[in-house]
Structure formats: C-alpha cells, structure tokens
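Turn these sequences into a full structure, and let the hints guide you.
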Amino acid sequence: MKWIRCDVADSAGFDRGQQEWADLAGLPGFLGQLGGWSHDGSQVAHIFSFWVDQDAYEHFMSGAHDALAQRQVGTWSKIDVRLFERRADFGQSLAGTSGSGVLRLAHCVVKPDRVDHFAQVQKTVWNPGMSAAPGCLAGLFGQRGCQEFLVLTKWVSAAEHARYQAELFPSLRDRAVPSADLESITGHLVDLEPHWTVTAGDS
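Counting from 1, position 98 in the sequence shown corresponds to residue 98 in the UniProt record's numbering; the numbering is continuous, with no gaps.
The set of hints was computed from the structure by calculation and includes no laboratory data. Just so it is clear, the structure is predicted and the values come from calculations on it, not from any experiment. Here a beta-carbon is modelled for each residue, glycine too, at the ideal position from N, C-alpha and C. Check the hints yourself; a few may be wrong.
Calculated pairs, PhoX-like style, for lysine-lysine (alpha carbon to alpha carbon, straight line, at most 25 Å) [to be verified]:
#1 Lys123 to Lys111
#2 Lys2 to Lys111
#3 Lys123 to Lys2
Simulated restraints on C-beta separations [said to hold, decoys possible]:
#4 Arg175 to Gly13: 43 to 49 Å
#5 Val73 to Val177: 43 to 49 Å
#6 Ile79 to Val156: 25 to 31 Å
#7 Gly41 to Arg114: 32 to 38 Å
#8 Ala56 to Gln92: 29 to 35 Å
#9 Glu183 to Glu20: 36 to 42 Å
Rendered as structure tokens:
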C-alpha cells in the first residue's frame with residue numbers, strides 16, 4: 001500500500017490532475033486507488049494506492065508513473081510518500097470499495113520492545129472491534145520497517161465514525177491499552193472524493 005500526503009497549493013488544478021490517475025486502471029498488478037481531502041478543511045490531500053506485490057509497484061514506478069505524475073506538477077507545495085506492507089484486512093477490501101464516505105487513518109510509531117504486542121492487540125482487539133462497528137465498511141493494517149504502522153478504516157460517514165468514537169472506542173482502548181505500546185500516534189479523517197477513485201479494470 002502506498003500513502004501519499006500532499007500539501008496542495010492549487011486545489012482545482014490538483015483535483016483535475018488527480019482524476020487523470022484513472023489511467024492506472026488496467027496496469028499489471030494494480031488493485032485500486034482512493035483518496036480525498038483532510039476533514040479539517042486544510043488543503044491537505046491523502047491518496048492511497050494498492051498493488052498486488054512489490055514487483056508490480058516497481059514496474060509501474062519505472063514505467064507509467066512519471067507521465068501521470070507530470071500532470072500535477074505545480075499543484076502541490078510538499079509531498080510525503082510512504083510504502084506499507086499489508087499485514088491484515090478486515091471487512092471489505094479497501095482497494096475495491098467505492099469512493100464515497102470517509103477514511104480514518106492512524107499513523108503509529110511503536111516502542112521497539114512492544115511491536116509484537118501491538119500487532120497482536122491489533123489482530124485480537126482493534127480489527128474485530130472496528131469491523132463490528134456500525135458504519136465501518138473496510139479496514140487495513142500495514143507496516144513499514146520495524147516500528148511504523150498504519151491503520152486505515154473506511155466509514156459510511158464522519159457521523160458514523162464519531163458515533164464509534166463515542167460508543168465503542170473507549171472500551172476497545174481500555175482493553176488494548178495503546179499507551180503501553182506507542183511512542184506516537186497521529187490521526188487524520190479524510191473526506192473521500194469519489195472521482196479520485198480508480199478500480200482495477202475500470203478502463
């Protein structure tokens with residue numbers, strides 16, 4: 001999974017350029033892409049793309065990538081790109097979902113001696129807890145390097161996510177005790193742009 005975070009200077013131009021990534025459909029190994037704007041109203045875009053394996057991704061980067069990326073040159077002022085290995089999915093596959101709703105991402109840096117515990121708690125507490133929550137459509141748990149993790153969930157709406165935070169999150173947090181595992185955590189809520197979604201085979 002690839003996570004791209006952009007500080008956008010020209011939102012209209014960026015939006016037009018993002019729609020051009022529809023050309024990803026049909027590329028070997030491509031599974032899907034979706035993204036949108038930070039819910040807080042800032043001009044920050046988050047894009048997530050999914051590939052069958054590292055070889056397929058590297059083939060894309062050495063081939064079609066540069067021509068597609070050129071269409072958005074000048075529309076963003078800062079970009080951060082990170083690759084995560086998918087460790088688990090829950091609910092539907094994020095790569096195959098529609099572009100409506102919201103994404104919630106939790107970017108976690110875990111204490112070196114707590115990585116195994118963090119991953120186990122994610123599997124036994126957080127993943128089933130979130131997948132059972134009303135309005136949660138899909139989720140993914142990914143890892144980058146030894147200590148960096150990304151938890152990505154898709155929700156019907158921001159209201160459904162807020163409901164989960166109020167009604168279910170406190171009990172899950174009490175069971176998981178994340179403060180024992182984490183060095184840091186950063187969260188973002190993303191309003192999905194349906195016309196940025198690309199599904200494999202759409203072309």
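We went through each hint and held it up to the structure:
1. Lys123 to Lys111: With Cα atoms ~18 Å apart, lysine 123 and lysine 111 stay inside 25 Å; holds.
2. Lys2 to Lys111: holds (23 Å)
3. Lys123 to Lys2: holds (21 Å)
4. Arg175 to Gly13: 43 to 49 Å: About 46 Å separates the Cβ atoms of arginine 175 and glycine 13, which means 43 to 49 Å holds.
5. Val73 to Val177: 43 to 49 Å: holds (45 Å)
6. Ile79 to Val156: 25 to 31 Å: Cβ of isoleucine 79 to Cβ of valine 156: about 29 Å, so the range 25 to 31 Å holds.
7. Gly41 to Arg114: 32 to 38 Å: holds (35 Å)
8. Ala56 to Gln92: 29 to 35 Å: At 21 Å between Cβs, range violated.
9. Glu183 to Glu20: 36 to 42 Å: holds (38 Å)
Checked against the numbered hints listed earlier, the structure breaks hint 8 alone; every other hint is satisfied.
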